[in-house]
Structure formats: C-alpha cells, structure tokens
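Peer 1: Residue numbers (my numbering), protein chains in the order written: chain A, 2 to 613; chain B, 2 to 613; chain C, 2 to 613.
Simulated from the structure, these hints should not be mistaken for laboratory data.
There may be inaccurate statements among the hints.
Identical copies go unnamed one by one, so any copy, or any two together, can satisfy a pair.
What the hints assert, rightly or not - Using 20 angstroms as the maximum straight-line C-alpha spacing, the simulated SDA-like pairs for lysine to any residue come out as follows:
1) Lys290 - Ile10
2) Lys455 - Met486
3) Lys285 - Asp304
4) Lys468 - Ile604
5) Lys336 - Pro87
6) Lys125 - Leu177
7) Lys54 - Val111
8) Lys606 - Arg153
9) Lys290 - Gly20
10) Lys308 - Asn463
11) Lys70 - Lys461
12) Lys461 - Asp304
13) Lys308 - Lys455
14) Lys455 - Gly375
15) Lys54 - His310
16) Lys285 - His310
17) Lys336 - Leu504
18) Lys54 - Glu329
19) Lys468 - Val220
20) Lys103 - Asn143
21) Lys308 - Thr279
22) Lys103 - Asp395
23) Lys285 - Lys308
Because the structure is a prediction, the values reported are computed rather than measured.
What follows is each chain in one-letter form.
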Amino acid sequence: MANQEDTIIYSLGPNCGIGEIEEGKTYAGTVQGFANFGTFVQLNARLKGLIHKSNMVQEHQEREQIFVKVINIRNNGNIDLAEVLPRVYRLETVTRQVRVTKMGDLSSQVGRSVTLEASVAQIKQTSGPTIFTLVDESGSGNAAAFIEAGVRAYPEIELGSTVMVSGEVMRRQNQLQIEVSSMEALTGEDAQRVHDRIEAALDARAEPADIPLLIESDVLERLRPAMRTVAKMIRRAVFEAQPIILRHHADADGISAAVAVEQAVIALMREEGDDLDTAYYLFKRSPSKAPFYEIEDITRDLDFALKDHERFGQKMPLIVLMDNGSTEEDLPSMKMARIYSLPMIVVDHHHPDAIVDEYVIAHVNPYHVGGDFGVTAGMLGTEVARLINPKVSDAIRHLPAVAGVGDRSEAPERQRYLDLIAEDYSEQECKDIALALDYEQFWLRFNDGRELIKDILNLKGNRDLHKNLIGLLVESANAAIEEQMAASMPHVVEERLPNGAYLFRIDVEIFAHRFTFPPPGKTSGEIHDRLCRQHPGEPVVTLGFGPDFAVLRSRGVLMNIPRMVRELHDEITGGGISGGGHLVVGSIKFVEGMREASLNGLIEKIGQAPVE
Amino acid sequence: MANQEDTIIYSLGPNCGIGEIEEGKTYAGTVQGFANFGTFVQLNARLKGLIHKSNMVQEHQEREQIFVKVINIRNNGNIDLAEVLPRVYRLETVTRQVRVTKMGDLSSQVGRSVTLEASVAQIKQTSGPTIFTLVDESGSGNAAAFIEAGVRAYPEIELGSTVMVSGEVMRRQNQLQIEVSSMEALTGEDAQRVHDRIEAALDARAEPADIPLLIESDVLERLRPAMRTVAKMIRRAVFEAQPIILRHHADADGISAAVAVEQAVIALMREEGDDLDTAYYLFKRSPSKAPFYEIEDITRDLDFALKDHERFGQKMPLIVLMDNGSTEEDLPSMKMARIYSLPMIVVDHHHPDAIVDEYVIAHVNPYHVGGDFGVTAGMLGTEVARLINPKVSDAIRHLPAVAGVGDRSEAPERQRYLDLIAEDYSEQECKDIALALDYEQFWLRFNDGRELIKDILNLKGNRDLHKNLIGLLVESANAAIEEQMAASMPHVVEERLPNGAYLFRIDVEIFAHRFTFPPPGKTSGEIHDRLCRQHPGEPVVTLGFGPDFAVLRSRGVLMNIPRMVRELHDEITGGGISGGGHLVVGSIKFVEGMREASLNGLIEKIGQAPVE
Amino acid sequence: MANQEDTIIYSLGPNCGIGEIEEGKTYAGTVQGFANFGTFVQLNARLKGLIHKSNMVQEHQEREQIFVKVINIRNNGNIDLAEVLPRVYRLETVTRQVRVTKMGDLSSQVGRSVTLEASVAQIKQTSGPTIFTLVDESGSGNAAAFIEAGVRAYPEIELGSTVMVSGEVMRRQNQLQIEVSSMEALTGEDAQRVHDRIEAALDARAEPADIPLLIESDVLERLRPAMRTVAKMIRRAVFEAQPIILRHHADADGISAAVAVEQAVIALMREEGDDLDTAYYLFKRSPSKAPFYEIEDITRDLDFALKDHERFGQKMPLIVLMDNGSTEEDLPSMKMARIYSLPMIVVDHHHPDAIVDEYVIAHVNPYHVGGDFGVTAGMLGTEVARLINPKVSDAIRHLPAVAGVGDRSEAPERQRYLDLIAEDYSEQECKDIALALDYEQFWLRFNDGRELIKDILNLKGNRDLHKNLIGLLVESANAAIEEQMAASMPHVVEERLPNGAYLFRIDVEIFAHRFTFPPPGKTSGEIHDRLCRQHPGEPVVTLGFGPDFAVLRSRGVLMNIPRMVRELHDEITGGGISGGGHLVVGSIKFVEGMREASLNGLIEKIGQAPVE
C-alpha cells in the first residue's frame, strides 16, 4: 500500500465533468496544443485546461502525458493548471460522482435537482420548449428543455439516444416534469453502460410472470414459449411508451382476443402512471373490415403513425394482429409495414402460411404445435393477456369460452373453458354473448365501441346492465335473422350434384335485405345451418352469391376450396377469379360479367368432390 | 330562562367540524374507548378528543355520556379534553357555522377560501388531480382535489353525490377553480337537506317563464303543458351540466325545429358562463339519415357517450328527438337507450304510436291533443325554444313559417306564422329558405353545418349575405331539379287503374342522376307534383321505384299505405316487404329479386282503393 | 425664434392620451359645454377637462378656443383645468410619445411593458380572457384581455381592426403573450397611418424574391408575373395568420404541385415561429375526389371554416386550387365561395373557361400565355413554391419531372426538368414515383397522407427508405394492373367504325375488379394503351363504360368530345347526358336506363369524326 505522503494523481474517467475536479488536486492529462501564452492540456475527452507559460516546468510534445494541479476553476468553466512533477505518487481513477435518480422516483423529488440516465422515447418540439420523453428501467416521464421559443433544444439528441439529464423536478399542469438544466447524449462506454443497464432492467421487467394456464391443454402448453415472447414484447412496448395498434377480426372470437389484451395493457399502463387519456392514446384497438390486414388498414395506420411521429416525435408503433395475420393475404400490408420497420406480432388460429414468419417478430398459432383452429384466437389472446398482466386474469377468464362457442370450436379446450366458468355463465349465455358481439359490432361498423363491448362482455362489474343488454341484443339479432330468413329461404334453389351432394343456391344480394344485419356471409351461414338440419346425415353445400362473389359452406363434402379457386382462375379466362379460405368453407370472387361461368365452373368441381 | 351563571354545555350537531369547537368551552360527549394514558371521547360522529388520565374525574363505561371542556386544540387537530361536572347547566346545540358560498358567486371570491354545498356532475381523473364538476342551485364549476399524481381523490364520492367542499378559489388557465382542501360526501339528513335545497332551487330555476305563444292556436295552447315539461327538462340539463344530444329529421321542418332549440340552449349555456367550446361540447345537434332514430344512430351516440362517461366522468346525455321519435320504428333504438337509462324527449308531429310513451319521459305531439301533422315540428320546436330561453324569441320567430311551408302544412297555424313575420319575410321567401335548407343539407350529408344553416335561416344578422346565399342556393337547387326532371319525365309510364286513378311509374334509379340533388324521394315528389298539375282534379298516384324500394305519392286516392304494406308482407312469400308512412304518402321496401311481384301486388291494391 | 420666457401652449395631437399631458403645462382647448359648477373643455377628441367656475377668467361660447393650464390629474382620470390668458406664447404640438414595439421583437421584452400597433387577425373568446391574435409588419402573436370570465373584452374591436395595444409581455404555456392593460381601436388618421404602414410593410415582405426559373421556358417566363402574384398572396396569408386550404387533383401531377407548395408554406410558417401543430392547423392540403372543386368539397370547407371563424375567431381561409379550378365545372363551388368572400387562387393547366376569372383573384395557366397542358400543374406549382420560399427549392426540384412524366407531358419543359435532375433520378425513376403516387393515393382515399407522400417524393432525406418504398409500391401497382388486365382484356369488343377507326368497348364495371386499384378510369386508359400498341399507326378509340358513365380515350381521331356531349344532350331526350374533358380524351355521363341509346349515339358520332 502506498505511503500516505505520496501525492495522489487523479485520472478522470471518460464521463467526468467539471463537477468531478477540485481545485488543489493533481490530475493526469495529455498535452493537446500550444498557444503563445501557454499549453492546453486535456484532462479527459470533455475537460481541457490551460497551463499558463509561467506555470510550465518542462517542455512537452503534443499528446505527451503530463501531471497538472488545478489552480483555479473560473466561473466561465475555464480551468487554470500548473505543471507538477511529483516524485512519488499513486494513481487513482475518478469516476463520475453523480447520484442518479430513477424515473420511477421522481414524485418524491419535486422541487429538487436530479440527474437521470435514460433513453429518449419521444421528442416533441412545442412552440416553447422541446419536450423529451425519457424512459429508464423504472418508468418514464417528460423533460422540458428550452433554448429559444420553438427552437429544438439539443438537436444532437435523437429518438433512441441514451442521455444523462440534469434538472429540477417540477409539477406542471399536474404532471411531473424535469426542467432540464443540462442534457448530454452519452457516447461510447457510458452510453453502452447505461443502455445496457436500462435494456437489462427493462428486459427483466418485461419478463412475464410464471403463471399456470387457466385450463389444462397440451396445445396451449406447447404454445407457452411463443405466448411468453408475445407478452414480453407487449410489456416492453408499454414500459417504453411505444404506441400499440391492435388490429383484429371483427367477430366474437377476434373481439374476445383483442379485448382481453386491451384490458391487460390498459391496466398495465395505468399502473405505470398513465392516465386514461394517455393509455387510450398509446393503445388503439381497431376491428378490421376484412379477415386480414388490408392494404387500406396499413395505409391508414401508417399515415397516422408517421404524422404522430413527425408532429409529436412519437415512436413508431408495435402492430399486433389477432385472429388474423397468418396468411398470404396479409403479405401486401406486411411488406409495407416492413418498409417502415414496424414490428409486428401475430396471434391467430387460422392455418398459417409459412412465409408470414419472414415478416413478423413473433407468432402464436396452434398449427405451429400440432393444434388447429379449434384453439381459437380468444383462447390464445386471453392466455397472452394474463401473461401481460396477471391482475386482469379473473376479469377476463370467461372470454375464451365466449370465443370458443362463437367460433364453433370443436377442440377439447372449448369445454374446459366452459367448465371453468360454469358457475357464472352457462353455455347458452356464452352463445348469447357471442351473438350479441357480432350483432353490436355490425352496427358499430369498424369502431371499437370500447365501453359497449365491455358491457357485453361483462367487464365493468354491472351484471344487471350486462344481462339486460345481452337480452335486448340477442332478441334483436334473432328477430333480424328471422326476417332475413323469411325473405331468403323461399328463393333457395335446390340441386342434386353428380356426387350425391345437395347443392343449395341463393342470391343473397337480391333475395335478402341489404346493408342490415345479418350481412351476406352470415346470411349464407344461417341458411346453410337450416338446410343441414333439414337434411340430416346428407352431404350439403350451400352457395350464397352476389354479383361478384360467392360464399361457400359445406358439410360432408371433401372439397379443397383453395385448390378449386386456383384451378378456376386458370380455366376461366377473363373471370378475374380469386378467393380462398379453409378447405371446406370459403369464398370466391369473380368479375360480375363472368358470374354465370364462374358459378357453373365452381359447381362442376363441387359435384366431383368425394362425399363422406 | 336559565341563569347567566349556569354553565353552558354545547352539543355538537352531526355535521360540525373542528372549526365549530372552541377552547375553553364545554361539550357533551360519549365515551368511546380507553387507553392506558386516558379516555377517548366522541363529540359527534366526526370529532373525537382525549381526556388524559390526569384530567379524569370519574370512571365511566363505554358509550356513557360525559361533559368535557376543550383544553387545547393542537395543530395536528388533536383535541385535549378535561372532564367537568357542572352542577347547573343548560344545553345548547351547535350547528355548523359555515358560510356557504354559491357556485354563482365564485368569481368574486378569487384568492379566498370558501365552502360550498353542491352535487357532483362530473368526475375526471387526470394524471394529476381529480377534477370534480360541481353544481348547485346557482351554477356550476370545477374543483380540483389532489392526493397523489393520477390517484383518484375522495374515491367514496361518486357522480351524483351531494358534497360539502372547502378550498381556495383560484384562476387556472383562465378558469375559476376550487383547489380542494377538504371534501366530504354528505350523508343522512345533511345530504338530504342540501340535496333537497339544490333540487328545489334547480327545479324552480328550471321552471320556464310564463310567456304567450307567438300565435293564437288551440292545438298549441293544449300542448303548452307538455311543451313546458320538455323545456324544463332541457333547462335542467343545462343547469346540471348534463350533455344533450339532439337528433332530428334532416329536412327543412326538422332543421328549423332543432335549430330553434339549439339557439335557445347555446344562449342559455353562455349565460351560465360556458364558453362556446364547452357549449358545443355539451350540446350536439345531429341530423339523422333516416326519418327515425336508427340503430346505427343510437349505437354511435351510446359509444361516444359511454367513452366520455368513462374518460371524462361526463354524465350520460339527455336525448332529444325532433321531427322524429314518435313511431314504432324508433323502438329498437329506444330499447337500447333504456338499457343505459338515457332519458329521452320527443317533439314530433308524426302520427304517434302509443307504445313510444313507455320509453320517453316527455312527448310533445299535436295528435295527443286533437291536432295533426299540420302543426309541424318547426312550430313546436320554436315554441319550446322560447320557453327554454325567451331571449332568443325574436331571433327565431320566423322559423315556424319556414317549417310550415317546407312541410306543406295545411293547418291554420301555417298562415298565422306567416302573418307574424309578413313584414320581414314573404311566403315565397320562406319557401326559398326551406328549399335552400333541403339543398344545403343534402351536400352537408349528415353534418350539422351549424354556421351555414344559421346563415340560411338568417340567424346571424347579416341579411345581405343571407339573401345572396338563399339566391344562389335556390337557383342551384332549381337548376338541379330541372336537370333531373329532364332526365326522368320522359320515362314516366302512365296507366289507368280499375278505380279510375292515374298511376305513374318511374324507375328513379335508372332514369335519374344518382348521388346528387334531388335524391330519389324528392325526385318522385317533384314528378308527382308535375303530373298532378297536368291532371287537375283527377286522382293520381305516383310510384317512384328503385331496385328494392318504392316511394308512393298520391292525390285523391283513399289508400291506407301501412295496411297495404302489412297485407303485402303476408301475401308475398319471400318478398321481405316492409315500410309504411302516412295513409296516402309512404314508402315500401322489398328484396330486389321480388320487385316485380311486389310492385304488381302494390299496384293491384292501389287500383282497389276508393277515389275521392 | 421665440423668446424662452414665452408661455408655451401645447396643442394635443389627435391620438394623445392622458399620458401625454402634464400638470402645470398649458394646453389649447375647445369649450365643450357648461355646468353650474364650471366649464368643460375638450383638449382633443379623447381628452376632456373641467374648469371649476372659481378658475374661470372670462365668459365663453361653446366651441370657442381657450387656453387652459392643467392643475391636477386625478386618480380617476379627471382633469382639473384653470383658464390662462398668456400675452405672449408660442404653440407646440404634442404628438403621442409612445415607443412602439414590433411583434417580431417581443421575445426580447419578456416581463416588460410594451405598446404595439397592429391589426387584429383573430379574436377568440375563452371562458377567461379574450385572445386577440395581432399582426404587424414584423410578425404575429397573441394578446390576452380580461374583463370578466367569459365576457368579450373590447367588444368594439373587430377582426381586421387596427389597434394600439399596451401590456406586459409574458410567457404563458411556453408561448409569448401580451397581457393587455389597454387596447384601443385606432380611428381616422391614426388607423390609416398604422394600417398603411403595416400594409406597406406586409406588402413589401410578401413580395417574392427575384429568382430564376429552374429551367429555360418561354411559357413559364411569360407566366412569371402571374406566378409572382400567386406566391405573394400565399406569403401574405402566412404573414397574416390567414388559414390556407389547398385543394388539388388527386393524381401524380396534382399531388406534386400541391406538395411543392405545402413544403414552401410549412417551412415559411416555421420561420415565422409557428410550431408544426399550428402550421398544419393553418395549412390544409386536401386531395379532391373529382377533377374539379365539387359542391361537396366547398360545403365541407365552408362548414369547417365558418365554425372555426365562430369558435376561434379564425380568419376565413384563402382557397388555393391546383391542377383543377379552371373550368366551368368549378363554377357552382366558386359561386358559393364568393358568397362568403373567400379569396380563391387557381394554378392549373387544364384548358380554362374565361368565366372562372370572374371568381378568382389570381390564376396561373399556360393557356393564358400560349402554352398548353404539357406545362403541367406540378411544374407550375414547383416554380410557385420556389417563389413562396426559395429555401425549399433544392428539396423540390425533382417534382416537376415526376409531374411531367406522370401526366405524359409532351411539352419541351418535360425533358428540361428531367435533365435538371438526371444525376439524381432517371426518367424511369420519375415514372415509378408517379405510379407510386397514384397507387398510394388510391389507398389513402382522400386523405393527404402527408408523411407517406413525402417519403414517396423523397422529401425526407431517407433515400434508402424512399427506394424501398417505391420498389414495393411499383411492384404492387403493376401486379394489380396485370390482374385487372387479365380480367378485362378478354372482354374487349372490337368494331371498325365508318371512318376507319378501331372502336374498342369494354364494360369496366362488370369485367373488372371493383373498389380496387386500378379504378375504372385508369383501367380504361391501360386497356387503351395496350390496344394502341397492338394497332400501331391506326386510329383507335377506347370506350370503357359502366352503368351510367363512359370514359373515352383516343388516338388519331379528331373528335371534339365537349361538342359531341352537347349534341347528345340535345338529341337524346331523357338521357340526362353530361360530361366533357379535353377534345380527344374525356368522359360522359347518362342515366343508367339510357345507356344503350347514349353509347350508340356517341359511337355514331365517333364514327363520323375525321381520322388523322
């Protein structure tokens, strides 16, 4: 150990500032340059002092190491040095002596000066100061930096920069805010260190809790790793103030899935200190018109996200697709999203096309683990939501059952989810809720109808209102279905196909009420169900068509609709044929002028399919 | 009378606080419990003090009455007591000595501490304080209560609670606001008393002025009680900061009715101190697409209202239906509104179905008092508006005449309203205004076009602009009508029915310009008018049809359209027939594929109707 | 020179206030009236004092001149005078001694009291103070005047008034604001002087810089005065805080024109100190559905503008029409705009109808100077944008080339603009950008898609993203076109007309995919292009029709479509025929039921047109 009499030579760490040096102490420096009045010495990358020529002892070369005593730190920050030549010394490294406050502790620091290390999640230029949203491992908050009205402060600091910020904690407009006195983009090791620390902490915080599934299910167990990945990404987005856009299929299953996640995310944001306004601003749930992510949807989402990014310095959003997103039809939109590096997550139970996984960062799908569509999106979504925020688990535990009966799941999970809630909801009640969702969503068009939907799903704790609402909606939906059937059923045309199957045809545009519930697809489905009941045990195909489309439902006929569509596309020149769906349930589009040819071609193929 | 030397024992009233007790005075209390250092004594339900064991005179049981002198009130609110045993005393009750300020007087109290009694009209949780909107008999205002950022203050206080609030009056963001120091939900008698006082005062304030009608009219006189009820409810909603949604038929009559009420309500809100933004936020006028309250409308209204209720703690709205709302077609929406306990008011002149009155809290309708549709909604609406706010009376007095000619009223009221304004507007000018309203509303689609509509109705005091605007709109409307007639009239098919009536048929979809003014219904009406002029004195029926609907106009044929529709519905299987309207003017819907059968069936029935 | 002993008699200038008089000094006044306690004397139009009868020297008549000494100025502003009768005196005029601060200098005056002369650009009544937006020659800003909460301060001051304002400069919500202590509408000479000074200064500031065109072009040189006029008006609007609505044709040419001006205006607003929010609030770019200013568009624009005017005291907007606005089809909307005195500017390259110029205040059109549509709107718009703000010149210099290839310009300017940017963009790249614009705008419907469009036009400096985006959009667009052609081409019907021209007919509604890209007009164009290539050197007419419209493309047939449409309108009774366009490219509308007759009539005329 060195003698106490030894001179101590301090070596400044790379991030030390003027606050870390003291008059009277001696430091190691590097000769940086010469002026006629003295020599400039670099103490570290940020600090430079001057040895007046009267205080020089020896001559030096540029970049030579040298020891200097700090004589004086002037008010303007200039540092006067004197060269020293200690005989005996020991070297000590000075590291920055800042007490770093965590974002999550700001509320106890109002009125005090603090220093934080954080990464920049949003930069908004106002007509006054520049507002930086900062995130560290403990939370997020705003810092206001003012240079001149409307002028961007610290232009070198960008979205994603790792920064050290000092300033006073104030309460402004009832929000905590740091009034920035200094702000510095960390670089090199410092940046890496802080970035790594925040990353590691956020990563650890984002890790979902280890909780059991609501029910026993092999498929769901095998999906657990994927579900954890999805939950973690969503949790990270919340912690980092990244906006989330949740697009979902607008049916009972898709709504159940999306609302489960909505409940988990909003509650998590509230725990993070966001008010409801902010929570709903950062989280948008959008029912999609089509059963996939349409070009029109991504265009709209991108348009808004880019404007928010530009005007409010908002991060680009995380896209979550539920009950859609797993097929080739989503590709055009996904390609567009990828141009803008939008991260995408899929939670779906449709048969996935492998190519989709080139575009998404996570994908929960029962087909990946040997399951099928019977494990519906609502089941998956609810389990994911519980991983995002276990506190909402009780509130949403009946959603998988609603989704299961709504999507007519035949998987064993359906009954288990029904059993789980049997004390609170009968199967019929679940069916009623699913029908009410479909009916109400029809009138909501493509609005989320947040509170109405929550009442339908009994998420607001007002069971009486919930029951009355379901009662009314189910009554109205059934009356509308009956009225539609009264208009449509007499016009169904029956035919017996070569393979023995019954073919039922109905023009659902001219023999049904338009622009009302039930819409053509559901009308066709309802007709098919009735005809199946009228022909028990027989193979049945129902074809509900309009001017340029047809919807196919079938029972007991082993069709492969996607293949039939591909063949028709090639066989019927100028037919403009496209479409698809599942093997035995799907739809087909054609140009209006080729309807006859297209339907005849289709029917011929149906007539050749083997029957069960 | 007691001797002056007697000790006075004060008994604290149930709502007294620490401000009502004084050191040195003696109070009646109840022993609440014991500690090793002394005895706790309850002075009333809110105040508790401690008798140190050194100050105890006797031993007591729990709940025993005891007299105590207040020795000291500490800074932290603790009360030190000493037991006293007065020989002679007289009891005096202390009632709360608070000078209660009225909301309406806040502006003179800036910077001072006040106490108010009020009921809670809105609770908004911000990321900082909780904002309570308070209402008393004199006005409304906001109180901000802060516990912790984003945490709901006084969670026991709910929308509708009766409260006592103390705090300092501040001006924040140019708004008066009470910074709450204490807030208490009143209970029991106190709550009842304050509630009753506010209720009684609001009730009295809401009572409409006793002013005469603009014209003499037996029907309107008989409707006066109903109109007063409606006016009072709307006034109450204004005083209580309850949002109002006014849905109305999008024609000249409906617009006149709704705008009259809009003028009255906005002016009343402005008198209450609301700025224009708040006024238009709390009052929404929405022209309806259909001549009734459609499911799509209530869905949208509910979706928004529930979101506002959730995010901003806004009250659920009062629904006012004008020039619609009185028929069975409104029932589905009314049922939905009732689920959410939305109060509904109807001001209509269509033939009412009695069942509607099970769903609405007030209903003005001339049929209720022996009148008919000739007393139009615009007439009713204007008289109601005058009761809501007599100050707008002069500004809106010409609206009934515009409504009357717009709806082709044949009631005597029409001429009287025209006479009333004869110096300012000729009958032709009123017709022009009505046509301009119809034309402009067509292009506004279902936006309210507030300011444009006000200029058309000459409500902004710029008569020159008004005249120029009417001139242009009437010229444009007539040119468009002429163009439509040039396309349509040559395609009218004439037929003589068995009953001698002329039947004119025209396909208004393929023989008229689409998506432009005049729309199919008005096109049919215009064609009918021209054909009537060409066949003076003859019975005429005009049938303007499209793919799945027909519009019926008639003269001199004693049809009962609603009955015809009901019969056709039963007779034509798979026709999907519905519709209705008045006896001799109406419309019918069918599925497109059954148009031929439906029209033929309809025409057969028309041919059997007696002619005048 | 007068003796120093002479009494100086001061004569107050017309605008002097109480601050300009001093106790002890003598002033010239005019007897205004008599009371039993003294005589009132007017010192100027604004100041009046009283001579108590004890201080009167002589008797006077009303309106007599008199000299008075100021004895006392009371706290309430009353002025006590005494008559004086100086023997020798000299007259000196007192002019107002105010140091007038300029709006542009406010930021250096925070916390100080200032006086400004300005004109009023906006008056917004809040629930607290009245906010006046003031404009002078140096900039604009807000002044808050408070009388009573929600009560309009200085009601005599109107939008457009010239005012003198005094008050303290404060920073509120990070915005500079004057807290008004006094505000006065200047009148007479003062108003004129200030108004003239501001006008002159604004006029001078608004004058565009004198910069050369991007390319050599006789037509553009001849349009320079008109372009300078347009640029100046837009600059004035920016300086005066007048909102701007830019309506444009939603194709590549129109978008290029409008975006060029958008870039120039937003940058200018930012220089003026507006934040991005304000800039985009004051400047709205709206792609129009139709290739003209539709009634629906003006209705919407007026509805919003009038509401903003009413609620926020906003000025009525300047309307800028680009790539449309020059034909009779715009007249109905222009008439409507004129009713409200909305100034309108047109920058278009369609063949202009002279009557339009009765409605617009400036109009840039190559046809006015012997040019034609080959000098496209995008070329004009870019040159205008450079005059508005030369700083954006480099950023937008490639837009004319994109516009030129997008609109298939055959003018020499096309190649020159291509040459200008040859180092950065090839002709093919420009074509790709134009196609990408058309494709993306289709999915944007009628949203501006600001940031997406900027990326397509490479205005954000991210060339890689730009290239990837163009790559994807072009690939997608071409795939969609190929798919459409596969459906349509087989259904084209060929015919040889009497004049030897090939006529190709195609029903683009029933033989094309609907509601997708490419839409019917572009589908027809693509079919025509392919057929032209298949029949090189031959006259070709392609007729793409739907139920109630047809689109005409032609090569080598000397038609006059507008004349043909007029003739058909007269010849075909009940056809409802309208339409137009250029001589050899255009469209025609008819009622659906008369399609056969209309098309046959049209084809007959085509067959009679001379071929090249």
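Peer 1: Provide an ascending list of the numbers of those earlier hints which the structure does not satisfy.
Peer 2: 1, 2, 4, 5, 7, 8, 9, 11, 14, 15, 17, 18, 19, 22
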